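Sequences and hints are given; from them, build the entire structure.
Keeping their order, the protein sequence lines are chains A and B. Just so you know, we're using my numbering here: the first sequence kicks off at 1 and counts up by one. Just so you know, we're using my numbering here: the second sequence kicks off at 1001 and counts up by one.
Keep in mind that the hints were calculated from the coordinates and are not lab data. Quick caveat, the model's predicted, so the values are computed rather than measured. Quick reminder that beta carbons are idealized off the backbone N, C-alpha and C, glycines included. Fair warning: there could be bad hints in the mix.
Said to hold, decoys possible - Label pairs and their calculated CB-CB ranges:
| # | chain 1 | residue 1 | chain 2 | residue 2 | range |
| --- | --- | --- | --- | --- | --- |
| 1 | A | 59 | B | 1037 | 35 to 45 Å |
| 2 | A | 153 | B | 1034 | 41 to 51 Å |
| 3 | B | 1191 | A | 74 | 45 to 55 Å |
| 4 | A | 157 | B | 1065 | 24 to 34 Å |
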Amino acid sequence: MRIGIVCPYSWDVPGGVQFHIRDLADHLIALGHHVSVLAPADDGTPLPPYAVSAGRAVPVPYNGSVARLNFGFLSAARVRRWLHDGTFDVIHIHEPASPSLGLLACWAAQGPIVATFHTSNPRSRAMIAAYPILQPALEKISARIAVSEYARRTLVEHLGGDAVVIPNGVDVDFFAKAAPRPEWQGGTIGFVGRIDEPRKGLPVLMKALPRILAERPGTRLLVAGRGDEKEAVEKLPAELRPRVEFLGMISDEDKARFLRSVDVYVAPNTGGESFGIILVEAMSASAPVLASDLDAFAQVLDQGAAGELFANEDADALADAAVRLLGDPARRAELRARGSAHVRRFDWSTVGADILSVYETVTDGAAAVAAADDPAVPGGLLSRFGLARD
Amino acid sequence: MPPDSRATMPHRTAAPPPVTCAPVTSTLIWIVVALAAIGLYLSWTAGRLDRLHARIDAARAALDAQLLRRASVAQELATAGVLDPAASMVLYEAAHAARQAEEDHREVAESDLSQALRAVFGETEQVEAVRAAPGGEDAARELAQAVRRVPMARRFHNDAVRAARALRRHRTVRWFRLAGHAPFPLAFEMDDEPPTALADRPGT
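So this is what it looks like as structure tokens:
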């Protein structure tokens, strides 16, 4: 099957959506499908052979943080050329409602379109304002995928319609087979994420840390992720600061070994999460997980059966739960076992088969993808404004 | 935006009518422009609607294909002799009824088949028994795929139906009869809950 995937965010910036698309493309190629990924990328960026650059992304403040997006005339032209050259059986657009390549591709394409909605933001004013413009583009999508039940609910509330839930995939064995590193073992709490992004919740963990260290003095906190290390420990009493070790950005291999090594993995995220891939990775590496009770996290952790939950933003609750877990090896072993069993449903073998099922379902009764203006108007002026009939 | 580009935008009050042109002519021009704009909008909306109807047709074809596949595999299993006689009869009866159902009874017959599948494949042991039989591995996989894909195809179909209905309720579409003689799209409602032993996946 010829599959075109549209990535809305810059390929050179690491992010959940980009990783998901990379892994999906690898998985589909390994199964013998033809895959082309259209993604924003700087000219100098080394791209994998299946990726096509849609030009440089522009940093724009959007949705609470600075997003690097693609829009405008040139990007639209590149999207159309990619659609025309690709002759895809199906195109898979990620984040079609964000003002980037996904939306452009939605405008420009006709034929079987699959779309994955990753975020679950509360209804924004931009979205309400853009609704009449979005709706005709989103109407073209033949199949919608939401990454969690929570994301699906938001999608249904905001845009109407329905979606199937297919979680994000993880290569479970990659994490399960990683070798632990001795220097990261022995009373360690692990955290992975951007240090200076408050929504990742490191401040909550820092607030809880003095109590954890008071009750279990041998504990160390290992933090993997980029950001200002001095600022992160500012609120901590000076004598406790050596108990926090910053590892900086770590490679995928090191992340797997990190998760295999730690005694408890803590995800104190305070919001903005629609899935929580890191929890799945931690469970794959059979790390006992302690996470805030965000809707998305609760679902990934099977409502607390596969990992412990604490009240969101409650540092005391986090400290209690961490102290209890660190002092209870039997409970940790139980969580390890449950997590490893539960996580199989997120393995690419399952998730990839589901996504392929969606592709096959939408291509069953339809013709191939084309640029909307291919047969109708060679100049494409009408279709540029969405006016061409197909 | 350069300042002169604003002047090219049509604006009812901006410029006084040119001296060479009588006010009647200018009014006529405006009427023609307005009519052309309305015409373009109507044509675009009709195009949208047409696309939605095509999407419903494709989704319905896909749903039919999945339902038929499910009924076929169920019937195959029922006649293969791998199930006990009672389960075979229940499954055969339901699969046969689903395949033969008239359009009006289709939803009921397919729901009955879902129920029968749940009754027969309620336990993991039954699925294991089918897998153990010669050729059973393939049959079990096909059935698992079919019971997984039916709800998917139905969801995509009903999503297309909802989008088309939302547009058809729009004033413009009703007043100008843009939908033509196309029948009002109906959702396909059925019980498509898969048997737990065949679909151990979260949240769908």
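#### Entry: Hints violated by the structure (listed by number, smallest first)
Result: no hint breaks.
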